[in-house]
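There are 4 protein chains.
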Amino acid sequence: MDVAILGATGAVGQRFVQLLAGHPFFTVREVAASDRSAGRRYAEACHWNLPTPLPDRVGDLVVKPLDAPLDSPLVFSALPADVAGEVEERLADAGHAVSTNARNHRMDPDVPLLIPEVNWTHVEAVAAQRARRGSEGFIVANPNCSTIVLTLALKPLQDAFGLERVMVTTLQALSGAGYPGVPSLDILDNVLPHIGGEEEKMETEPRKILGTWRDGAFVDAPVLVSAACNRVATADGHLECVSVDLGLDASPDEVTATLRAYRSPLRDLGLPGAPDPVVIVRAEPDRPQPRLDRDAGQGMAVTVGRVRPCPILDYKFVALGHNTVRGAAGGAILNAELLYARGLLG
Amino acid sequence: MDVAILGATGAVGQRFVQLLAGHPFFTVREVAASDRSAGRRYAEACHWNLPTPLPDRVGDLVVKPLDAPLDSPLVFSALPADVAGEVEERLADAGHAVSTNARNHRMDPDVPLLIPEVNWTHVEAVAAQRARRGSEGFIVANPNCSTIVLTLALKPLQDAFGLERVMVTTLQALSGAGYPGVPSLDILDNVLPHIGGEEEKMETEPRKILGTWRDGAFVDAPVLVSAACNRVATADGHLECVSVDLGLDASPDEVTATLRAYRSPLRDLGLPGAPDPVVIVRAEPDRPQPRLDRDAGQGMAVTVGRVRPCPILDYKFVALGHNTVRGAAGGAILNAELLYARGLLG
Amino acid sequence: MDVAILGATGAVGQRFVQLLAGHPFFTVREVAASDRSAGRRYAEACHWNLPTPLPDRVGDLVVKPLDAPLDSPLVFSALPADVAGEVEERLADAGHAVSTNARNHRMDPDVPLLIPEVNWTHVEAVAAQRARRGSEGFIVANPNCSTIVLTLALKPLQDAFGLERVMVTTLQALSGAGYPGVPSLDILDNVLPHIGGEEEKMETEPRKILGTWRDGAFVDAPVLVSAACNRVATADGHLECVSVDLGLDASPDEVTATLRAYRSPLRDLGLPGAPDPVVIVRAEPDRPQPRLDRDAGQGMAVTVGRVRPCPILDYKFVALGHNTVRGAAGGAILNAELLYARGLLG
Amino acid sequence: MDVAILGATGAVGQRFVQLLAGHPFFTVREVAASDRSAGRRYAEACHWNLPTPLPDRVGDLVVKPLDAPLDSPLVFSALPADVAGEVEERLADAGHAVSTNARNHRMDPDVPLLIPEVNWTHVEAVAAQRARRGSEGFIVANPNCSTIVLTLALKPLQDAFGLERVMVTTLQALSGAGYPGVPSLDILDNVLPHIGGEEEKMETEPRKILGTWRDGAFVDAPVLVSAACNRVATADGHLECVSVDLGLDASPDEVTATLRAYRSPLRDLGLPGAPDPVVIVRAEPDRPQPRLDRDAGQGMAVTVGRVRPCPILDYKFVALGHNTVRGAAGGAILNAELLYARGLLG
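Protein chains in written order, with the working numbering: chain V, 418 to 763; chain R, 418 to 763; chain G, 418 to 763; chain Z, 418 to 763.
Bear in mind the hints are in silico, worked out from the structure with no lab data behind them.
Fair warning: there could be bad hints in the mix.
Note that identical chains are pooled: a pair holds if it fits in a single copy or bridges any two copies.
[As the list claims (entries may be wrong)] Dumping the calculated SDA-like pairs for lysine to any residue here, alpha-carbon to alpha-carbon at most 20 Å:
#1 K481 / P639
#2 K618 / R549
#3 K618 / Y732
#4 K481 / T469
#5 K618 / F442
#6 K481 / Q546
#7 K481 / A455
#8 K481 / R725
#9 K618 / D499
#10 K481 / G551
#11 K618 / R582
#12 K481 / T629
#13 K481 / E506
Values in this document were obtained by computation on a predicted structure and should not be read as measured data.
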């Protein structure tokens, strides 16, 4: 199936190109980006800065402008929020399936905010969305990168014990800010204790994701989240210090065993990007670490460690995931793989 | 007054040397360190790695072994915990006042765990300790570096509103691990989500510090602390993301105004190392930052920012302080200045 | 004397503001910058990122546009090269003394490319420049930051032994690229082996600086320079590995002694920004280092170490200086102090 | 063929384990290390810090002491120099083929200092060495990591134009110092302009490597090398700024074309670790970079860029290679693959 990538020259756009190289379902046929890049060969328009080589075939594509009509039935969007909203809406109305990483449509009432292992049933909302649009097109959205890591770690606990309150402090990687993103002078020998809009997303998105689609509407999960977000000098891999208040009593061993035993509901679908296990539990006292654990499961797994009681809530742990793979391009590709497997792509 | 420095060649020992250069009360006359250094000139025994020059006079001192008798009435200790306990005990019994940064005696029932601005009244325990020893000597201890930053930020809130629960996640600097400390390969493009013993200290020490000395014993404050400690790639400056549950209702403006209005009880003592203000509140959304704020108040102030409501506890904020100045050598020197001003040094 | 700063909001502009705080000769009365900043209070227009506080008085100045007439007789320019040329020319023609850090006029035939300790006699060109302009105004230029560090280290050798060939490889700091400058994703765990235009500057500027002003024209020194420039992950402090071919034979001890004995020709002028010594020679095998030595002499000295024979040219050594102090704002201020002391400012 | 790894728990030792996982010729059967580790399971004795998982089979091996007899005919040595000399000597005398990364025997008169693509004919010295020992055992040595990168880039130029003088300044990665190696406090926001012994190695080893084995002795190549070595904050990948004086005249295009056209003499041997091409030439102005190019050719290729005239010698360029793969474990494995293919292993 032919696919297009919007915002293909940026940090997340490059990850899409990298992760789709040799993909068994999808072939990149079109790339589109802002006027600054449009009309140029992709290889020239983009400042490729991944250590794997840029695939030749994609490098030779001519970048299209964002308002060009597209041929590909499936569109991945890595657009920045200031342009994503309108462009994605237009493409969905025109019949394309749009798997987006942008924040604009995440909270729309009929747009699934999708982490397949957590809420694959939310794809049922696609039918409602198609009806609204009067088109075969639709949008599914990837949550915020920090939210994805957090929610994947929370899901097994919610299933087993219920989940009432979550305190999370993040130590987020530079690639989460895109490119050029964070100036080096701001982060060398430093921490930035603020990421615009991030805490708000982490405090709202998990409620939708962990909730249900029922009677034609999303019903939020009754979980309260408090987030404090920091930028640190790591290239990739968001690390999150989490404390949770569970609905039921649970021993430390039960909590650890529950995380460890968790199996993805996607296991039997044969999705190429689905990690197994999806949550890796490490026993060492000093794991997970960004450099050592971000690539676990090809960057699609979440690693959890340091599960221990919390003197205030019930349990504390540390979670880590790759923010531009699991938390962005890889997540949006997995969303599309799910749609493909469920017969929702044309 | 002549002073000695124990463990003078390490990271904190060097800070003692630096901060005592030109001190109006104290003159460094003796340095002592482990057998590896003993007998050598200080300038040769230590791998000086501060950007200010090593004072010549100290560089020429011959390093004494740790079991040597000392002439100085006041002794600063930057010893590692595996040797500090016994050495400090012996010196106190022999009549020296010991202001230590080591953890060994912090929780002793008659040793003040001192942050002068927070609990200067705890020096009353010195009399009890002297009585126990049958000596003029005694020990006062500096809390853990992360505890100091946290507790200074909490004190104004405790005074104004009462303090019930504190959740804190730290992003701690490399110098907190001493020298050679953290290998560069472990921290480049990485975070270490574990610091041995640190969370336990942060969960217990504030209770003693914020408590009272009454009827010959310390009574803990009834505050519950939950800590998650991380090492990040900053040289100096511990940053802490804090959520607090207050005893009384308070508006965001009241909380900020209370922190801003806080005045050190030491203001009239004329202590050279006492910062004024002791807590600096910044209004910018992205402060405090380690590189920009760690040197505030000559490294002795704590900077607080991002005061905002917490969806789970009452308020969240970010606090930052210099871990080897305020959190170690500078703090221990301020402790000694207080003892000096209170007539407790000889 | 009242001074204006052009390009005041950038990285070098902020250094001007910082270094001129409390200056005995000069008072900042005007700040000017691009249209994006013009009309706003300086404190709001600039993203102040130095660890010392922004002086209140300057923070309250309203930023002027670059085409505004200025009242100050002396103007410091931290403008980027795309606008500096014309603006500085206009101000000099209008009677202002312009001490610039921009590259545009460095090689002009009557503009001194000034490092006061090296070529203070080049100020004689000011008279010729004034005559050309028909105005009391003129421009003096600061060399490129890497050139300054190199040339200060070479001058004592040129004086004592003559200088024929210089090979230099630089490891330059991030602040040399301005702000926002180098994206953090480009430099974390990385080196950039190219800095646009830098090698060309290092290969040409020293010839003018080390040359002479004779009969109304600059005569280049007959020294050949080959440069390779790299950007590394340091905040401040350019480190340079240098090999030199001297005109005369010299023993290693003579070379070291010559560097160590070098005395600035400015010593008796009482210039507040002139370091003494101007070249610091360190004997340790692993110095100079950016973090430890960049602030030597208030950031105005150059530190040299590892003087040793070169198997191909004559001697190798390592030189280091602070690129935004000695190599930019501090250098341009010292240039103005020299002009002031020589009676060339009004 | 069964192999043993000496010094298996260190940084280079771990690379051996990683790179030998699934190797078609060699299977790791024994690991040996210092007394601190001996007797423990490898997984427990080593602080594994590579992002790929430790192979289970190796993790379960019990670490042998260094003086234990070994069963494996082939031994890889990642021992530190203070113990390598004697241990390797004993094993070679006892009949083992030893492929070492240690420096001790590099300059021995009958020990090949081997970079297979450069001087594979030096394996002829093995016969002489066996004769001396009166044993089937022998030692072949890997050059210093910086030397390997440099010499691979020089070899095509030597072949085509002759090579007279080489000036090189290195920017070397942290992993070159082993683990724990460089303390983080020494390198954050810093450069270390000295690496003990490194310059001497770079100035002598290439002469042997680029020379010939003739009439039972190594004859040095008549090339003069001057090196300046620096440690920078990169994890892996030594970057080297090189200037060369060639024996023949050559145009810039000829130099570039020669590097680009270079083909490894090993191409037809089918060695699993041999990269093709062995030298990659990049045309971008800002390559090679450590993060982007160190993994080229599975970390076994050397990347060259910025080929340009040098005002003093003939040409300048930048070379980069992976110091613990090509420059250490991977190089020593390739050496053994060559021995295997040439029938020199048992």
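Verification of the supplied hints:
1. Neither within a single protomer nor between protomers do K481 and P639 lie at most 20 Å apart by alpha-carbon distance, with minima of 43 Å and 54 Å respectively.
2. Within a single copy, K618 and R549 get their C-alpha atoms no closer than 26 Å, and across copies no closer than 57 Å, so neither meets the 20 Å cut-off.
3. For a Cα distance limit of 20 Å, the shortest separation of K618 from Y732 across copies, 18 Å, qualifies, whereas the shortest one inside one copy, 23 Å, does not.
4. In this assembly of identical chains, K481 and T469 lie within 20 Å of each other by CA distance neither inside one copy nor across copies; the values are 24 Å within and 38 Å between.
5. Taking the closest pair of Cα atoms, K618 and F442 never come within 20 Å of each other, the shortest separation being 31 Å inside a single copy and 52 Å across copies.
6. In the homo-oligomer, the alpha carbons of K481 and Q546 never lie at most 20 Å apart, since the shortest distance is 27 Å inside one protomer and 53 Å across protomers.
7. Within a single copy, K481 and A455 get their C-alpha atoms as close as 5 Å, which meets the 20 Å cut-off; across copies the closest is 36 Å, which misses it.
8. For the identical chains of this complex, K481 and R725 are neighbours neither inside a copy (51 Å) nor across copies (36 Å), given an alpha-carbon limit of 20 Å.
9. Within a single copy, K618 and D499 get their C-alpha atoms as close as 16 Å, which meets the 20 Å cut-off; across copies the closest is 40 Å, which misses it.
10. Taking the shortest Cα distances, K481 and G551 never come within 20 Å of each other, neither inside one copy (27 Å) nor across copies (55 Å).
11. Only within a single protomer do K618 and R582 lie at most 20 Å apart by alpha-carbon distance; the minimum there is 16 Å, versus 25 Å between protomers.
12. Proximity of K481 to T629 under the C-alpha cut-off of 20 Å is found in neither arrangement, the shortest distances being 38 Å within a copy and 57 Å between copies.
13. Taking the closest pair of Cα atoms, K481 and E506 come within 20 Å of each other only inside a single copy of the chain (18 Å); across copies the shortest separation is 43 Å, beyond that limit.
Consistency note: the structure conflicts with the earlier hints numbered 1, 2, 4, 5, 6, 8, 10, 12.
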